[in-house]
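Chemist: Going line by line, the protein sequences match chains A and B. Just so you know, our numbering puts 45 at position 45 of the first sequence, and the rest follows in order with no gaps. Just so you know, our numbering puts 186 at position 186 of the second sequence, and the rest follows in order with no gaps.
Quick caveat, the hints were computed from the structure, so don't treat them as lab data. Virtual Cβ for every residue (Gly too), placed ideally from N, Cα, C. Misleading hints may appear alongside valid ones.
[As the list claims (entries may be wrong)] Covered stretches of chain B, as calculated for chain A (at least 3 residues, CB under 8 Å):
1. 28-36
2. 242-250
3. 339-347
[What the hints assert, rightly or not] With a cut-off of at most 30 Å between alpha-carbon atoms, the simulated DSSO-like pairs for lysine-lysine come out as follows:
4. B:LYS26 / B:LYS344
5. B:LYS28 / B:LYS344
6. B:LYS140 / B:LYS344
7. B:LYS249 / B:LYS140
8. B:LYS28 / A:LYS30
9. B:LYS302 / A:LYS30
10. A:LYS30 / B:LYS344
11. B:LYS408 / B:LYS249
12. A:LYS30 / B:LYS140
13. B:LYS408 / A:LYS30
So the chains spell out like this:
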Amino acid sequence: MATMTNPIEMQELTNHFVVIHPLDDVPEEKVDTETLGPMTMTASVRISLLSLRAYLVLMMILVFYHVLDLAGLFGHHS
Amino acid sequence: MNNKFITEPASGVETEVVPVRGRVVKSKAARNLLTFMMVFGPGLIVMVADNDAGAVSTYSQAGAQYGTHLLWIVLLLLPVTYFIQEMVVRLGIATGKGHAAMIYQRFGRWWGLFSLIDLQLVNFLTLVTEFAAIDLALNKLGVDPRIGVPLLAAGLVLIAVTGSYRRWERIVVFLCMLDLVWFAIAFRIHPPLEQIVRGSLIPVMPPGGLTPDLMFLVIAIVGTTVAPWQLFFQQSCIADKRLRFADMKWARLDTFLGACITITVAGCMMIAGNASHVHGFTFTDPAQMAVDIGSFTNGFFKNAILLMMINAAVLGTTAISLSSAWAYGEVRGWPHSLQLPVRKAPGFYVVYLVSVAAAAGLVLIPRAPLQLIILGVQVLAGVMLPSAIIFLQLLLNDKELLGEYANKPWNNWVNWTIIIVLFILSLILAAQVAAPNLFPAA
């Protein structure tokens with residue numbers, strides 16, 4: 001194995017394979033997310049996400065209550 | 001030579017483009033192996049770090065309470081954890097950006113803020129459990145936690161602030177490999193092989209039936225095996241490492257191998273819990289379990305389990321703190337990369353430092369019910385998971401964003417099944433907490 005630093009030399013190597021660490025490679029072009037803007041969401045998707053949010057808040061309260069109950073804070077867990 | 005400057009999408013800063021440096025090999029096999037070795041890291045780390053201190057507690061408690069009866073659940077979680085993280089791999093490689101950034105960009109500030117608050121809340125609580133476990137283990141090792149906890153916290157900060165992603169990754173991969181000691185521990189306690197095979201392959205209801213405690217533990221197992229921070233961590237890690245489209249298959253393999261290791265190690269933890277129960281010990285926490293196991297093996301295994309607990313907590317802490325720091329950096333538009341020195345990304349490193357220091361400070365408060373806190377946090381992660389996966393699912397179906405890398409119909413079937421099962425589990429928990437006699441014990 002040898003270390004190469006010149007990309008032109010690398011292209012000339014036809015019988016060999018060059019492996020480049022992602023951090024040493026030239027950054028490649030990715031999906032351009034900046035120009036896309038926010039996703040279009042239908043009313044039903046918005047309502048579903050809001051319901052999910054409400055459900056999550058309720059579940060968090062429930063878990064905290066259950067943990068405090070298990071810790072014996074309400075004095076009736078065996 | 002005058003090099004070109006470009007703005008990195010992952011870190012948000014201008015960096016110098018230097019000539020590429022590669023390794024030349026003479027065969028396809030060597031190329032594949034070397035490419036895998038270079039890409040390997042984020043998948044293994046996210047999976048092994050998932051077996052954090054909370055996981056050690058949860059799996060060993062499951063083993064101590066229900067023997068090998070819940071092993072099938074852990075095995076079932078192998079494809080679940082892989083499928084979820086594989087989506088993150090696609091999203092990370094295609095966009096070159098972190099998960100928090102994607103939620104902000106595609107769902108807007110309002111939803112982005114909710115996701116970030118959820119993440120930071122669960123992350124902080126989870127970090128407290130990591131240091132709680134370190135505190136427990138240090139006590140049993142005879143080390144004063146008032147010295148040991150700050151020292152470990154300082155070490156955790158030092159491994160991240162070197163300004164080199166690769167250096168951080170090498171240290172963390174080494175720590176991940178130490179996790180394999182769990183195999184030796186499980187082997188040494190003479191596991192009941194027939195019971196293990198049966199418990200892994202045949203789903204059965206443990207003796208006692210469907211009780212709130214069992215449900216709580218099952219959700220905790222799910223919550224610890226597939227946690228919300230993992231989505232954020234792996235995507236940001238992939239973005240920071242600048243994985244390329246050509247790396248996709250190797251990143252998937254990395255994730256799959258990591259999933260196999262983490263699930264097998266989780267099984268070993270359950271087997272350890274089972275062994276302490278079989279020898280007549282009552283489970284209180286994994287540190288006490290280590291002492292109990294030491295009493296019928298030898299001191300080496302006691303210390304090995306305690307050190308593995310600390311290792312699990314260290315891995316969990318670095319990964320979770322980084323997921324917080326990356327997410328914050330992405331959302332605030334701060335430079336956020338392990339490749340950057342502290343002076344170029346101060347906000348990113350401050351979030352990491354504060355995450356570690358605040359959690360470390362909190363556990364030094366005496367007499368907190370640590371095992372209950374640990375289990376409670378895993379459950380909280382479990383109930384918050386469906387919400388996190390739904391955002392991931394919506395992003396992965398965003399053809400405008402991902403094109404050919406968007407989910408296929410079979411991906412969606414698998415993911416919606418996972419989401420529905422998670423919802424059902426959390427609803428059963430809710431029902432049992434609200435009406436404890438709804439599902440009487442068998």
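Chemist: Give me the numbers of the hints this structure contradicts, sorted from smallest to largest.
Modeler: 3, 4, 5, 6, 7, 9 and 12
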